[in-house]
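For the protein sequence lines, the chains are A, B, C, D, E and F, in the order given.
Counting the first sequence from 1 gives a position; this note's numbering is that position plus 73.
Counting the second sequence from 1 gives a position; this note's numbering is that position plus 73.
Counting the third sequence from 1 gives a position; this note's numbering is that position plus 73.
Counting the fourth sequence from 1 gives a position; this note's numbering is that position plus 73.
Counting the fifth sequence from 1 gives a position; this note's numbering is that position plus 73.
Counting the sixth sequence from 1 gives a position; this note's numbering is that position plus 73.
In short, the hints are calculated from the structure, not lab data.
Simulated crosslink set (DSS-like; lysine-lysine; CA at most 27 Å straight-line):
{"#": "1", "chain 1": "A", "residue 1": "Lys-129", "chain 2": "F", "residue 2": "Lys-75"}
{"#": "2", "chain 1": "D", "residue 1": "Lys-186", "chain 2": "E", "residue 2": "Lys-129"}
{"#": "3", "chain 1": "E", "residue 1": "Lys-186", "chain 2": "E", "residue 2": "Lys-170"}
{"#": "4", "chain 1": "B", "residue 1": "Lys-179", "chain 2": "A", "residue 2": "Lys-236"}
{"#": "5", "chain 1": "B", "residue 1": "Lys-159", "chain 2": "B", "residue 2": "Lys-236"}
{"#": "6", "chain 1": "F", "residue 1": "Lys-159", "chain 2": "E", "residue 2": "Lys-179"}
{"#": "7", "chain 1": "E", "residue 1": "Lys-179", "chain 2": "E", "residue 2": "Lys-75"}
{"#": "8", "chain 1": "D", "residue 1": "Lys-186", "chain 2": "E", "residue 2": "Lys-266"}
{"#": "9", "chain 1": "F", "residue 1": "Lys-129", "chain 2": "A", "residue 2": "Lys-129"}
{"#": "10", "chain 1": "F", "residue 1": "Lys-133", "chain 2": "F", "residue 2": "Lys-262"}
{"#": "11", "chain 1": "C", "residue 1": "Lys-159", "chain 2": "C", "residue 2": "Lys-266"}
{"#": "12", "chain 1": "C", "residue 1": "Lys-262", "chain 2": "A", "residue 2": "Lys-236"}
{"#": "13", "chain 1": "B", "residue 1": "Lys-236", "chain 2": "B", "residue 2": "Lys-262"}
{"#": "14", "chain 1": "C", "residue 1": "Lys-159", "chain 2": "C", "residue 2": "Lys-262"}
{"#": "15", "chain 1": "C", "residue 1": "Lys-236", "chain 2": "C", "residue 2": "Lys-159"}
{"#": "16", "chain 1": "E", "residue 1": "Lys-159", "chain 2": "F", "residue 2": "Lys-170"}
6 protein chains.
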Amino acid sequence: MKAVDIVTICLQGEMLKNLKRTGWALAGVQDSNDETVASHAWGTAHISLLLVECLKNGGKEVDLARVLTMAIVHDLPEALISDIPKTALQLGGESMKRGKQDAERKALDIMMKPLGMTGIRIQSIWEEFNTSDGIEAQIVRASDTFDMLVHALAMERNGVSPKILHPFFVSSQSTIDSVSMPILDDIYKVLLKEHEANAQRMGINLDS
Amino acid sequence: MKAVDIVTICLQGEMLKNLKRTGWALAGVQDSNDETVASHAWGTAHISLLLVECLKNGGKEVDLARVLTMAIVHDLPEALISDIPKTALQLGGESMKRGKQDAERKALDIMMKPLGMTGIRIQSIWEEFNTSDGIEAQIVRASDTFDMLVHALAMERNGVSPKILHPFFVSSQSTIDSVSMPILDDIYKVLLKEHEANAQRMGINLDS
Amino acid sequence: MKAVDIVTICLQGEMLKNLKRTGWALAGVQDSNDETVASHAWGTAHISLLLVECLKNGGKEVDLARVLTMAIVHDLPEALISDIPKTALQLGGESMKRGKQDAERKALDIMMKPLGMTGIRIQSIWEEFNTSDGIEAQIVRASDTFDMLVHALAMERNGVSPKILHPFFVSSQSTIDSVSMPILDDIYKVLLKEHEANAQRMGINLDS
Amino acid sequence: MKAVDIVTICLQGEMLKNLKRTGWALAGVQDSNDETVASHAWGTAHISLLLVECLKNGGKEVDLARVLTMAIVHDLPEALISDIPKTALQLGGESMKRGKQDAERKALDIMMKPLGMTGIRIQSIWEEFNTSDGIEAQIVRASDTFDMLVHALAMERNGVSPKILHPFFVSSQSTIDSVSMPILDDIYKVLLKEHEANAQRMGINLDS
Amino acid sequence: MKAVDIVTICLQGEMLKNLKRTGWALAGVQDSNDETVASHAWGTAHISLLLVECLKNGGKEVDLARVLTMAIVHDLPEALISDIPKTALQLGGESMKRGKQDAERKALDIMMKPLGMTGIRIQSIWEEFNTSDGIEAQIVRASDTFDMLVHALAMERNGVSPKILHPFFVSSQSTIDSVSMPILDDIYKVLLKEHEANAQRMGINLDS
Amino acid sequence: MKAVDIVTICLQGEMLKNLKRTGWALAGVQDSNDETVASHAWGTAHISLLLVECLKNGGKEVDLARVLTMAIVHDLPEALISDIPKTALQLGGESMKRGKQDAERKALDIMMKPLGMTGIRIQSIWEEFNTSDGIEAQIVRASDTFDMLVHALAMERNGVSPKILHPFFVSSQSTIDSVSMPILDDIYKVLLKEHEANAQRMGINLDS
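The following block holds chain A by itself, in its conformation from the complex (with noise of 0.2 Å):
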């Protein structure tokens, strides 16, 4: 791993501090432009952190830092291809997921090649968030999911209508569900908590 293809790879994740979450501007929302997908990934490493910590208090065994390289790197693909949005992934059916993975992989292979087996390692971190259902993969999806939430808490703040982010509240149950923490559902609760009382001060009915 040389200097210029280190430097070459840290010039393409700026782009990811320039590439804004497309999900927010699709829900209606006007000053997502704030949130880039850079942010985001500290986001989730932010939450990564503690939530591992949470887990070994419990006295799980947790890879902390797998944990952390998982979540810094795991929309590195975007430097190449863009924040493709869920709405995409439903509609475009089978195809689109997996013309989503091929191309997010190759984007991968091409940013990874020059880093020979730094670069085989990080391909490696990152099907593993992709796919796998260790434990740490877990934490970094239930990670990647509360800063979404989190965002949007932030959002409703600033008086973006509870209506239009509700959605995101309702597909983040599945994701949560399907991991088995206890922790991740208390923090769900308290983020959904927080939503529903923005919605109902507003006089806001979320399920019409």
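Given chain A, work out where chains B, C, D, E and F should sit, using these hints.
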């Protein structure tokens, strides 16, 4: 087509006023945020209008209403699935191409269904944009490309390096070459000339 | 019409992608910056298309190409003189109205002159938008208004107070009433209803 | 002058913090959005303060309180009618000039009426800015111009082409020349010199 | 004071047009980006002007030129050291307070040195703003606070929750109370009343 | 560590997604707004990961989990006190340095207290970042610097003058030199080389 359905589709159109074109950010452009999909769709329609006039002056028969409708609706599915960039298509291969088309078709279907016959007409024109070799589709696809290059020149005047914008000029050539209308070549040459002059003045070698 | 003239006019069109609509800022809206004149022109063309379809379904004869051209070019002079808001016209009286028209006409003249016959055609359609009572001009003027109200609703979902947006709904009524097409009244009612519901939920008295 | 009237006028002043200067966007500048009318009014007041000091050091008598008041209120009417750019005045001819003045006067009248005697004093100082050849008005008009050129230089350091900013330097010369204060010429020369150096380094011919 | 020194200080002033006020972001406000330090300095000068008029009408003697100069230069050192927020001062204790003052003094010293006697005069007025109990300094400090609260109200109209803005209203009371001018209390009450009404309409309990 | 405490700390982390890095604005960069503290923290973690890999490949022992945790939390106190720039530290002298440290320590203390043992662990790692000469702290401090320079290069590609960014390259050298790891020198040289090439192409003399 009821009033409430028209309002619904217009509120979906609002997403396009809010959604940034992703290609610029992936190229490393920082102030790309100013170009929304809706702005680009207007630019495409505007250029299409001028091209039709050119061809009509030259004695060709073109259906202007069809061309403008096509330009206006050509990015409509992005209101549900966002602007998936070229790089994603190149890296994602065949499944990605099919997946994107499936997603766009389904998105448009969802949006257009409540509009009845009108919806069907719009869907058919959108299909024409994507697949036809008729003169109307060729004009709109060329305008789609030209609007991108015109925006690139506008960004070069604001300091964005011709180096990072060069790939847009290179990849455009095949779109323009695929249509045999001399006016298109002439316009491409004018755009390319300013781009190359910008590079030269700054001591940038575009070919390295 | 030479290639270089087409590129020149397109680069002038780029200003519209960059120019924010001023009315929102004057009303006290902070995140209005997202709506550019070009985005609004697209929105107007999009709504015009739907209205023409409605009327055609109802058996009316409308020249769609004319309507769409009108929507696309209706704000073109703003590339040279900017978006002078309604309040300036109301406060500036007759001289302001004439002055603005003179400025717009001259701006369009400068932009269109190099386009020869095409320029003359576009100027004539722009005049029609501003002065005609023909069905095409009426449709585009109504769409111009509706696109503004749709954007207002999109901003209300992002927290902007219905109170400061109310004047836009009030002043729109006369534009809509001046045209006797039932579909326009229906659309206005749908828009107004959501606006009033937003106000009511927040305990805002729109009439005080 | 009651507290509630002061708050009302201050809330109107908030519009100026939000309103972008239109001239830059019309010139094709993309990141102009950072300069609000309020920011510019501060810059004008700041430069005015320095110019008064210069003249006082040179033995001239100038009413500093009058100069600063003038700089602070000189764009106040834009809170109701926005920043109508020079191009609009040039293209709109005599009616536009009168219309703009009428609109500004009426806007200020509406804003100032509740302030009683204070309002009348502010209106009179605003008139002085627009019409007087007294030294105070000359200083503020020169500062208004200099603040624009200083911002242009700041934008050139951010990559904006000296070519598209050149018209601002050209049109400023007459404002500066109309006042016979040597310090103004000296400042103009310093600004112009950096502008020309920026152009030359980039191989830009400003005269073509 | 040479022309080149005036230009240098003005280019430093450009930083204030670019620098956002940090307090809002720390409070969780997302669209705070619109308020630059320069915009706030203008707002402070504008309110100061009105307060001086009030007091003069009430028969008090105030040096208007001194007040306006103070308002215009009060944030000048931020061009070199940025807007260090109140929270940093509260958490950093005595060393932070001294450190900030030292940094500001030195920054102003660097900026003002080339201006000779003028620089010394500006430094002395800046000191007065920070330390004096004279009526001029009291007016500008009150205006500094009021401009912040007026901006808070403007943001509440854009949807920002009164809850996250409440601390600004609470912490302002002591600044206002420390000056015994009835007009200040009256203005504070008007601002607070709208703030509380905004909270109440949204079902927000400000005291919890 | 209860769920509600985790959510609280995550909502505080949201401030970092919103807070812009101040150094760029003070240097006169206008589009700096795109880089938030959170984005920078991600960049730092990303570079740290690559550096650890480099060193491990070279046979060194480094605690990756510790490095990544340090990178993720190194700017956490800025959520309460903002990004106080280097210039403020240089100008504010010893009291400023101590004041800033006191403020950061207390801010972190407030944020971490509810997290119990986890909070204490994070505080200890944060202290290590600020004071230790261990290899982990050295890596993160170097990455903190490199991420800044990488962003500077990304901005140069968008037109920002190498002249105004040069001080960042100059001041970085000592940070890099203070660590004796050859890979750091190599990376610095690659970054500096592109920076100098950018300057040379534009005819800018970096040393004047």
